[in-house]
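The residues making up each chain are set out below.
Number of protein chains: 2
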Amino acid sequence: MSSGEDELIARYFRPLATDPGAFGLIDDAAIIKGSSDDLVVTTDAVVEGVHFLPGDPPQTIARKALRVNLSDLAAKGAAPAGFVLTLALRTADENWLKEFANALGEDAKLFACPLLGGDTVSTPGPLSISVTAFGHVPAGRMVRRSGAKAGDVVLVTGTIGDATLGLALLKHGSETGSPAAQNALIARYRVPEPRVRIAAAVREHAHAAMDVSDGLAGDLAKLCKASGVTAEIKLERVPLSPAARVGLAKKLATIEALISGGDDYEVLCTVPESSLAAFLSAAAAQRVEATAIGVIRSGDGPPVFISATGRPVTLKRSSYSHF
Amino acid sequence: MSSGEDELIARYFRPLATDPGAFGLIDDAAIIKGSSDDLVVTTDAVVEGVHFLPGDPPQTIARKALRVNLSDLAAKGAAPAGFVLTLALRTADENWLKEFANALGEDAKLFACPLLGGDTVSTPGPLSISVTAFGHVPAGRMVRRSGAKAGDVVLVTGTIGDATLGLALLKHGSETGSPAAQNALIARYRVPEPRVRIAAAVREHAHAAMDVSDGLAGDLAKLCKASGVTAEIKLERVPLSPAARVGLAKKLATIEALISGGDDYEVLCTVPESSLAAFLSAAAAQRVEATAIGVIRSGDGPPVFISATGRPVTLKRSSYSHF
Numbered sequence: 167m168s169s170g171e172d173e174l175i176a177r178y179f180r181p182l183a184t185d186p187g188a189f190g191l192i193d194d195a196a197i198i199k200g201s202s203d204d205l206v207v208t209t210d211a212v213v214e215g216v217h218f219l220p221g222d223p224p225q226t227i228a229r230k231a232l233r234v235n236l237s238d239l240a241a242k243g244a245a246p247a248g249f250v251l252t253l254a255l256r257t258a259d260e261n262w263l264k265e266f267a268n269a270l271g272e273d274a275k276l277f278a279c280p281l282l283g284g285d286t287v288s289t290p291g292p293l294s295i296s297v298t299a300f301g302h303v304p305a306g307r308m309v310r311r312s313g314a315k316a317g318d319v320v321l322v323t324g325t326i327g328d329a330t331l332g333l334a335l336l337k338h339g340s341e342t343g344s345p346a347a348q349n350a351l352i353a354r355y356r357v358p359e360p361r362v363r364i365a366a367a368v369r370e371h372a373h374a375a376m377d378v379s380d381g382l383a384g385d386l387a388k389l390c391k392a393s394g395v396t397a398e399i400k401l402e403r404v405p406l407s408p409a410a411r412v413g414l415a416k417k418l419a420t421i422e423a424l425i426s427g428g429d430d431y432e433v434l435c436t437v438p439e440s441s442l443a444a445f446l447s448a449a450a451a452q453r454v455e456a457t458a459i460g461v462i463r464s465g466d467g468p469p470v471f472i473s474a475t476g477r478p479v480t481l482k483r484s485s486y487s488h489f
Numbered sequence: 167m168s169s170g171e172d173e174l175i176a177r178y179f180r181p182l183a184t185d186p187g188a189f190g191l192i193d194d195a196a197i198i199k200g201s202s203d204d205l206v207v208t209t210d211a212v213v214e215g216v217h218f219l220p221g222d223p224p225q226t227i228a229r230k231a232l233r234v235n236l237s238d239l240a241a242k243g244a245a246p247a248g249f250v251l252t253l254a255l256r257t258a259d260e261n262w263l264k265e266f267a268n269a270l271g272e273d274a275k276l277f278a279c280p281l282l283g284g285d286t287v288s289t290p291g292p293l294s295i296s297v298t299a300f301g302h303v304p305a306g307r308m309v310r311r312s313g314a315k316a317g318d319v320v321l322v323t324g325t326i327g328d329a330t331l332g333l334a335l336l337k338h339g340s341e342t343g344s345p346a347a348q349n350a351l352i353a354r355y356r357v358p359e360p361r362v363r364i365a366a367a368v369r370e371h372a373h374a375a376m377d378v379s380d381g382l383a384g385d386l387a388k389l390c391k392a393s394g395v396t397a398e399i400k401l402e403r404v405p406l407s408p409a410a411r412v413g414l415a416k417k418l419a420t421i422e423a424l425i426s427g428g429d430d431y432e433v434l435c436t437v438p439e440s441s442l443a444a445f446l447s448a449a450a451a452q453r454v455e456a457t458a459i460g461v462i463r464s465g466d467g468p469p470v471f472i473s474a475t476g477r478p479v480t481l482k483r484s485s486y487s488h489f
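First to last, the protein sequences are chains A and B.
Residues 167 to 489 (this note's numbering) make up the first sequence, in order.
Residues 167 to 489 (this note's numbering) make up the second sequence, in order.
Honestly, the hints are just simulated from the structure, not real lab data.
These numbers come from a predicted model, not from an experiment.
Some clues are possibly wrong.
Heads up, the list lumps identical chains together, so a pair's fine if it works in one copy or across two of them.
Stated by the list, open to error - Result set (SDA-like, lysine to any residue): computed pairs, CA atoms no more than 20 Å apart in a straight line:
# : residue 1 : residue 2
1 : Lys199    : Gly306
2 : Lys315    : Glu370
3 : Lys199    : Ala245
4 : Lys315    : Ile192
I would like the entire structure built from these sequences, with the hints used as guidance.
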């Protein structure tokens, strides 16, 4: 007398529920064991046609849904503890579900973030996936957006703008750039690389941090506003991948578009000068690239981006907004 | 340089974020303070056209989205601690959002379950709301589905079948029954009454519990299966509201339909005979009606429902399934 979704959950998702607190997904709720640590809670949804494209492979959709949340945990200095999943499906296509669940399970294992529970519902609309992820930090040690101080160095992990270019390629196609470079950009749009390994260094050294998901310029503006400061960023310091440099050279996008486009899922943080060497060394030990791109200044207003010729750059929009 | 959704969140949802761990919704994540208690985590989504009807008032949609999760917490014996919200909207209609947020805030206060965080995204599809709710239980004391033992009394709170009749009235209309009775049934479909006040009694006395959301018969079958037992239920003991009795008499629905329809959001639990008086007394002290409807038997297979004439009743389907 099991209902349809119960069988689907048992078949495809129970193997991912490796934590004892998940009770094999046969109960109504999961348990996260009490601890002296604070539990960091973050929730991010991805919607077909908004965060991924219709026809994207189930594997990349699954990975993106989890990874955008892991990116938040990393930026807050938290070690992953588990996640719950709401899956709103038009139809229960078992092949699709199998590939989705397998990829999700691989990432859950890779990032030590087991599935704790969830809800599978039907929808007449687009495929939508909402994840709530949990992480641990020592009590009182979550890294806030609001701690940046004048003089702090502004750093960002990885590279910026690849996902914006990847989405442009998927939407509009292009004959420019090598196939390998194009595929690298598309891969970055579809499957972000959450900087989980840098979480401890962020917790140890950063005054403030957040993940870059809606555009570097807009997200830095949010961090500055929450901290009551502003920032001065050198545009030529913003780290770009070789593929993104090709895209810029071929005028696929402007640098302004790259720093205001979404889906980077890199960690943006501010570190006091005195801790900079220790932070960079800790990041390098974890094989995460982190680049100093500017400095926090006292004052208010959005951060100023300075071009290679020393002029402030005007941005038409600073970030992605849903409304 | 705030983006649209940030302004909407600040205007309508920040007032609900009364817990210090929510950081006024200006950070990327929330904190649930460490404690020796276990944290119970449950997630349930509601989708327009599936769990509520297009055109339902924003107030009732908000209340239902939160309450279906509070119902899970109550059934697990947990005291509410907070929730996160994912809101997928076609458009940002500020009047709608204001009414939605106000009602959500009233319920958050009523049930002592503050908003901790969330994500607001655009969708080309139906309005969808996913809530993940958190509750506290003393370590190891979450009430499982799997603890029922032969001889336990099966109890259910409140009344069964009202929401099924309410949905039928909304979908097909009817001239039967008084307007007041019809409104009562519709109200039960739109706004469940989570039995939060019975959580402590469930934790103290029940061997097994779950909330009834997909139909009494099917949900009891799940509880029995998880516990490795079966059950014998007396159909005439299943508690029905006066309005549901009118609906039955007027043949709006059969009793079989009422015990296999969804959206009851009552607590189903099994209590050993020796604790029955104490459980009923604790429930009464909290002004929650609980009715003994049958008994757990050793064996397997779905529970048997016995009619007033002593015959087992055959159910065409035992519960709502999305697929």
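Here is how each hint holds up against the structure:
1. For the identical chains of this complex, Lys199 and Gly306 are neighbours both inside a copy (18 Å) and across copies (8 Å), given an alpha-carbon limit of 20 Å.
2. In this assembly of identical chains, the alpha carbons of Lys315 and Glu370 lie at most 20 Å apart only when taken from the same copy (16 Å versus 51 Å across copies).
3. In the homo-oligomer, the alpha carbons of Lys199 and Ala245 lie at most 20 Å apart both inside one protomer (15 Å) and across protomers (15 Å), since each shortest distance falls under that limit.
4. Proximity of Lys315 and Ile192 under a CA criterion of 20 Å is satisfied inter-copy only: 18 Å between copies versus 48 Å inside one chain copy.
The structure is consistent with each of the numbered hints, conforming to all of them.
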